[in-house]
Amino acid sequence: MLANEPLDRVLIIDLTKRRATVEHRTDLFQAAIGGAGVATRLLQEECPDGADPLGPENPIIFAVGPLSGLFPMASKTVAMFKSPHTGNLGESHAGGRSAVAIRMAGYGAIVIRGASSSPVYLVIEGDKVHFRDARAMWGMHSAYATGSIIRDREAGAGMRTIMRIGPAGEKCVSYASVITETYRHFGRLGLGAVFGSKKVKGIVVSGVRSLPVSDPKLYRKTYDEIFKATTESALFKKYHELGTAVNVLPMDAMGALPTRNLQSGHFEGADCISGERLAEEYLGRRVACAHCPVACIHLAAVRFPYPDEPYFYKTNMIAYDHEPLFAVGSMLGGKDGSHDTREMFRLLDVSDALGLDVMSMGCSLSWATEALERGVISVRDTDGLNLTWGDYPTYVKAAERIVSQPNDFYAALARGSEYASKHYGGADYALAMGGNEMAGYHTGPACHVGYLAGARHSHLDNAGYALDQKGAKSGGLTPEKVGKELATEEGWRQVLNSLVICLFARNLYTADLTQRALAVSGCEMSADDLNRLGQETLRLKHEFKRRCGFDLEGVRIPRRILETPTPMGRLDERFIRQALQVYREAVLPEAIPA
Amino acid sequence: MRRKGVSVAKRLCILDADLCVGCQLCVFACARRPGTAGVAGTGIWVRSAGGIRKGFVVIACRACADPSCARVCPVDALEVKPGGGVRLHPELCIGCHNCVGACPFGAAIWDASREKPTICTGCGYCVDYCAYDVLKLKELPANQEEVVYVGQ
Numbered sequence: 029m030l031a032n033e034p035l036d037r038v039l040i041i042d043l044t045k046r047r048a049t050v051e052h053r054t055d056l057f058q059a060a061i062g063g064a065g066v067a068t069r070l071l072q073e074e075c076p077d078g079a080d081p082l083g084p085e086n087p088i089i090f091a092v093g094p095l096s097g098l099f100p101m102a103s104k105t106v107a108m109f110k111s112p113h114t115g116n117l118g119e120s121h122a123g124g125r126s127a128v129a130i131r132m133a134g135y136g137a138i139v140i141r142g143a144s145s146s147p148v149y150l151v152i153e154g155d156k157v158h159f160r161d162a163r164a165m166w167g168m169h170s171a172y173a174t175g176s177i178i179r180d181r182e183a184g185a186g187m188r189t190i191m192r193i194g195p196a197g198e199k200c201v202s203y204a205s206v207i208t209e210t211y212r213h214f215g216r217l218g219l220g221a222v223f224g225s226k227k228v229k230g231i232v233v234s235g236v237r238s239l240p241v242s243d244p245k246l247y248r249k250t251y252d253e254i255f256k257a258t259t260e261s262a263l264f265k266k267y268h269e270l271g272t273a274v275n276v277l278p279m280d281a282m283g284a285l286p287t288r289n290l291q292s293g294h295f296e297g298a299d300c301i302s303g304e305r306l307a308e309e310y311l312g313r314r315v316a317c318a319h320c321p322v323a324c325i326h327l328a329a330v331r332f333p334y335p336d337e338p339y340f341y342k343t344n345m346i347a348y349d350h351e352p353l354f355a356v357g358s359m360l361g362g363k364d365g366s367h368d369t370r371e372m373f374r375l376l377d378v379s380d381a382l383g384l385d386v387m388s389m390g391c392s393l394s395w396a397t398e399a400l401e402r403g404v405i406s407v408r409d410t411d412g413l414n415l416t417w418g419d420y421p422t423y424v425k426a427a428e429r430i431v432s433q434p435n436d437f438y439a440a441l442a443r444g445s446e447y448a449s450k451h452y453g454g455a456d457y458a459l460a461m462g463g464n465e466m467a468g469y470h471t472g473p474a475c476h477v478g479y480l481a482g483a484r485h486s487h488l489d490n491a492g493y494a495l496d497q498k499g500a501k502s503g504g505l506t507p508e509k510v511g512k513e514l515a516t517e518e519g520w521r522q523v524l525n526s527l528v529i530c531l532f533a534r535n536l537y538t539a540d541l542t543q544r545a546l547a548v549s550g551c552e553m554s555a556d557d558l559n560r561l562g563q564e565t566l567r568l569k570h571e572f573k574r575r576c577g578f579d580l581e582g583v584r585i586p587r588r589i590l591e592t593p594t595p596m597g598r599l600d601e602r603f604i605r606q607a608l609q610v611y612r613e614a615v616l617p618e619a620i621p622a
Numbered sequence: 085m086r087r088k089g090v091s092v093a094k095r096l097c098i099l100d101a102d103l104c105v106g107c108q109l110c111v112f113a114c115a116r117r118p119g120t121a122g123v124a125g126t127g128i129w130v131r132s133a134g135g136i137r138k139g140f141v142v143i144a145c146r147a148c149a150d151p152s153c154a155r156v157c158p159v160d161a162l163e164v165k166p167g168g169g170v171r172l173h174p175e176l177c178i179g180c181h182n183c184v185g186a187c188p189f190g191a192a193i194w195d196a197s198r199e200k201p202t203i204c205t206g207c208g209y210c211v212d213y214c215a216y217d218v219l220k221l222k223e224l225p226a227n228q229e230e231v232v233y234v235g236q
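Taken in order, these protein sequences are the chains called A and B. Every position in the first sequence, counted from 1, becomes a number in my numbering once 28 is added. Every position in the second sequence, counted from 1, becomes a number in my numbering once 84 is added.
Excised from the complex, chain B in its bound form:
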């Protein structure tokens, strides 16, 4: 497992999923960043919490200091970033899906078009497209912030 020195990480915080209206503009934003439309390659996902009447679950990497996904990667394709979170080295990834199963939030989102996972890198591009203040980019040391809500 790759690991670098401790510093401050940027992470995407899901402040309050109850504010989410399910418009999915964040999902489209993430996929749009490289310059295409649609949703392939997104690192953030929004689905209903068991039917729309119950509201929505927002799924994105919470930048763990000791990420399960990196632990189970057999080829060290997921580099643990200083302070938490991972960076994918696509040239190393063999498409084994281990990371998908290991993340309890489902935040390693499989991109079938590349046969590789997309995991939020905390770039914050989606934040500007959330009209409901669900998302916020924060600079926080890993696992020492207030409770980060994933889902409800």
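Excised from the complex, chain A in its bound form:
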């Protein structure tokens, strides 16, 4: 590690004792780089077996890496915790200003232990940590407002992150998110609920500092190479122009856009939620994460009239991406193609104000809609709400009830579709994989094996959807190929998530560039070292999951994914089970009895 490199400083905040200390963990950062590599090992140290995800013993860990603050697109922070949604590994990544702010505050990782006796928000200004009284802010209805208040009260504008929860986090909805910089999220697996359980309303991190490099000339040269690629390469064109919503139409065209709880792969209203149409009619601003010139964050300017007040309007800026558009667009949209995009945006807006993971919310509501249609639940369960495809005003009310939980049904829905379907039935079409609701791709077997097998049950774990599309072109996939390739991809992504770069830059940060960029930060690693570290990190994650009681062998495969044809035909359960077995042997070889 270079002299004056602050990356090895781990800030440990004990909420119970209201004390903060710094530990130098050179060992950890030298062995595991940063980000996911370091956070996985810190989770192993900090989280005892049998920990209650909502108990004080569950730690919250944030980690950044050596490239954060050095190079473009090293813009992500890794959060790790035990997930209240799945009961095992909780891992969620967010951009915004979070990574740069943590690095500029002078830390490689932040560990939060214990629980506060009353609501607080934490302010980390370089070496100073403040516990601010947040009792008056507890119970506020909108995470937007919480962000505004903290923004006005605290210093460091420009180089700070303001993480906060909404009422869903306070109520410990198992898929509550943590929002940062208004439009980015630690969205998945319930970090917001862990914040809520600790009575942490928000965390502000800010700082200004310089970071050492091994060779200034080489630094500028490597920087320019990366900068040129980020602004000129075709790799980023789609994220840059239309954003990830550019995926909607191609997914729909191939029949891979999950629609109405995956009863179909085609959505009649796909055109209305396409990146092309939204850019034309709604795009109001494009913004970027700190230190990323791609600016993939697309904000819709949506004008809402007040129903009871003539000539009164509000115009909200609402972020959209492929995943939220799938989750509330195609999954909840109507059959007749007359999509009410404005009211769909209202649901997205409300989901963000409440602080819900929009993907799990959308898939839970789509499960509930189908369950109601089939008579598995009744309008008594839904508190009188007649959930109907395309009826967004009713979905908005349902989202609010997921948080307010007026009855047992909504309390169950607040724990996701897998939990709710266990109690009410309809598990065959509860689209949770390993407990986490699916992403917006029904491309073939690999995407589903990827969701089921991936350490965080996310499409971003191993990009099964990309493997499907490659396989479709090259004449098919075998279970061996799917299991092996997903394990290899997921292993390499542990390296990228340790740097920590945005996965949109995964094809830019090749093994070669990764090594050269790391060398500038004073971290010399061979390609073999990197691959070994990736596989080892993935193995540790799966060992953690196993200790929490998760077994890939017994993972539930929702029947619905086998019923609705994919572009590669109907899926076969045996194929999926075999691929899961191959994946398992690749990531956890010693767990398989000889």
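FYI, nobody ran anything at the bench for these hints, they're computed from the structure. Note that this is a predicted model, so its numbers are computed, not measured. Treat the hints with caution; some may be incorrect.
[To be verified] Computed from the model, here is a short list of chain A residues facing chain B with C-beta under 8 Å:
no.: 1; residue: 37
no.: 2; residue: 185
no.: 3; residue: 186
no.: 4; residue: 209
no.: 5; residue: 239
no.: 6; residue: 300
no.: 7; residue: 313
no.: 8; residue: 320
[What the hints assert, rightly or not] Distance ranges between label pairs, derived from CB positions:
no.: 9; chain 1: B; residue 1: 175; chain 2: A; residue 2: 261; range: 19 to 25 Å
no.: 10; chain 1: B; residue 1: 217; chain 2: A; residue 2: 432; range: 29 to 35 Å
no.: 11; chain 1: B; residue 1: 118; chain 2: A; residue 2: 339; range: 52 to 58 Å
no.: 12; chain 1: A; residue 1: 552; chain 2: B; residue 2: 190; range: 36 to 42 Å
no.: 13; chain 1: B; residue 1: 217; chain 2: A; residue 2: 436; range: 52 to 58 Å
no.: 14; chain 1: B; residue 1: 196; chain 2: A; residue 2: 538; range: 35 to 41 Å
[To be verified] Restricting the straight-line Cα-Cα distance to at most 35 Å, the calculated cross-link-like pairs of lysine-lysine (DSBU-like) are:
no.: 15; chain 1: B; residue 1: 138; chain 2: A; residue 2: 227
no.: 16; chain 1: A; residue 1: 363; chain 2: A; residue 2: 450
no.: 17; chain 1: B; residue 1: 94; chain 2: A; residue 2: 256
no.: 18; chain 1: A; residue 1: 245; chain 2: A; residue 2: 266
no.: 19; chain 1: A; residue 1: 265; chain 2: B; residue 2: 220
no.: 20; chain 1: A; residue 1: 265; chain 2: B; residue 2: 138
no.: 21; chain 1: B; residue 1: 222; chain 2: A; residue 2: 256
no.: 22; chain 1: A; residue 1: 245; chain 2: B; residue 2: 222
no.: 23; chain 1: A; residue 1: 245; chain 2: B; residue 2: 94
no.: 24; chain 1: B; residue 1: 220; chain 2: A; residue 2: 245
no.: 25; chain 1: A; residue 1: 342; chain 2: B; residue 2: 222
Ideal Cβ placement from N, Cα and C applies to all residues, glycine included.
Given the structure of chain A, go ahead and fit chain B onto it with the hints provided.
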């Protein structure tokens, strides 16, 4: 107050802050020029205009012909450049912060690591890293150019 003869100054113009996506590559570029990473010592700053939904404010010295910052410097550490703008003489600076308070744009940016301000000298290094044409280096006589937008 030091002052030299009138000539043409180079200034960093913020052409249109509404084009700014808030990537802050200019901030990193300015800090990188001397050869380190991070943002300490930067002379340009980008922050949200009251939340990211409202867009961004870009702050850098507009090279005034009669700079308030130099007026309030008690030790003449800020030399007024020909045509406008200032050059800091760090060996004279006593770290009083007067310049920070005097600049209405906040363009005298405090560098806590040196206990001295950084004020854009119009070198233009950041311009090449702005992918959105927010920034431009212009040669203009002081205060006679078209309106220079600082912020929104």
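Comparing the hints with the structure gives:
Interface hint status for residue 37 (chain A): violated, as the beta-carbon distance to the closest one in chain B is roughly 14 Å, over 8 Å. For residue 185 (chain A), the interface hint holds, since its Cβ comes within 8 Å of a Cβ in chain B; the closest pair sits about 4 Å apart. Annotation: interface hint on residue 186 (chain A) holds; nearest CB of chain B at approximately 4 Å, less than 8 Å. At about 6 Å, the closest approach between the beta carbon of residue 209 (chain A) and any beta carbon in chain B falls short of 8 Å, and the interface hint on this residue holds.
Interface restraint check: residue 239 (chain A) against chain B, minimum CB-CB distance 4 Å, threshold 8 Å, status holds. Because the beta carbon of residue 300 (chain A) sits about 23 Å from the nearest beta carbon in chain B, more than 8 Å, this interface hint is broken. The beta carbon of residue 313 (chain A) is positioned within 8 Å of a beta carbon in chain B (closest approach about 6 Å), and the interface hint is therefore held. Because the smallest distance between the Cβ of residue 320 (chain A) and any Cβ of chain B comes to about 6 Å, under 8 Å, the interface hint for this residue holds.
Between residue 175 (chain B) and residue 261 (chain A) the Cβ separation comes to about 45 Å, which falls outside the hinted range of 19 to 25 Å. Restraint check, residue 217 (chain B) to residue 432 (chain A): a C-beta distance of roughly 47 Å breaks the suggested window 29 to 35 Å. With their beta carbons about 55 Å apart, residue 118 (chain B) and residue 339 (chain A) fall inside the hinted range of 52 to 58 Å. The beta-carbon spacing between residue 552 (chain A) and residue 190 (chain B), approximately 41 Å, falls within the hinted interval of 36 to 42 Å.
Range check, residue 217 (chain B) to residue 436 (chain A): about 57 Å between beta-carbon atoms, so the 52 to 58 Å window is met. A C-beta distance of roughly 37 Å is found between residue 196 (chain B) and residue 538 (chain A), which places it inside the suggested range of 35 to 41 Å. Between residue 138 (chain B) and residue 227 (chain A) the alpha-carbon distance is near 30 Å, which keeps this suggested pair within the 35 Å criterion. Restraint check: the Cα-Cα separation between residue 363 (chain A) and residue 450 (chain A) comes to about 28 Å, which is no more than 35 Å; the hinted pair holds.
Using a Cα cut-off of 35 Å, the hinted pair residue 94 (chain B) and residue 256 (chain A) holds, with the two alpha carbons roughly 26 Å apart. For the hint pairing residue 245 (chain A) with residue 266 (chain A), the CA-to-CA distance comes to about 32 Å; that is within 35 Å, so the pair holds. Proximity of residue 265 (chain A) to residue 220 (chain B) is assessed by CA-CA distance (about 24 Å); at most 35 Å being required, the pair is judged to hold. A threshold of 35 Å between alpha carbons decides the hint, and for residue 265 (chain A) with residue 138 (chain B) the separation of about 25 Å falls inside it, so the pair holds.
A distance of roughly 24 Å separates the Cα atoms of residue 222 (chain B) and residue 256 (chain A); the hinted pair therefore holds under the 35 Å criterion. Taking the CA atoms of residue 245 (chain A) and residue 222 (chain B), the gap is near 27 Å; set against the 35 Å cutoff, the hint holds. The hinted pair formed by residue 245 (chain A) and residue 94 (chain B) meets the criterion: a straight-line CA distance of about 26 Å does not exceed 35 Å. In summary, the hint linking residue 220 (chain B) to residue 245 (chain A) is supported, as the alpha carbons are separated by about 25 Å, within the 35 Å threshold.
Distance check on the hinted pair: residue 342 (chain A) and residue 222 (chain B) sit about 40 Å apart at the alpha-carbon level, beyond 35 Å; violated.
When the structure is compared with the earlier hints, violations turn up for hints 1, 6, 9, 10 and 25 and for no others.
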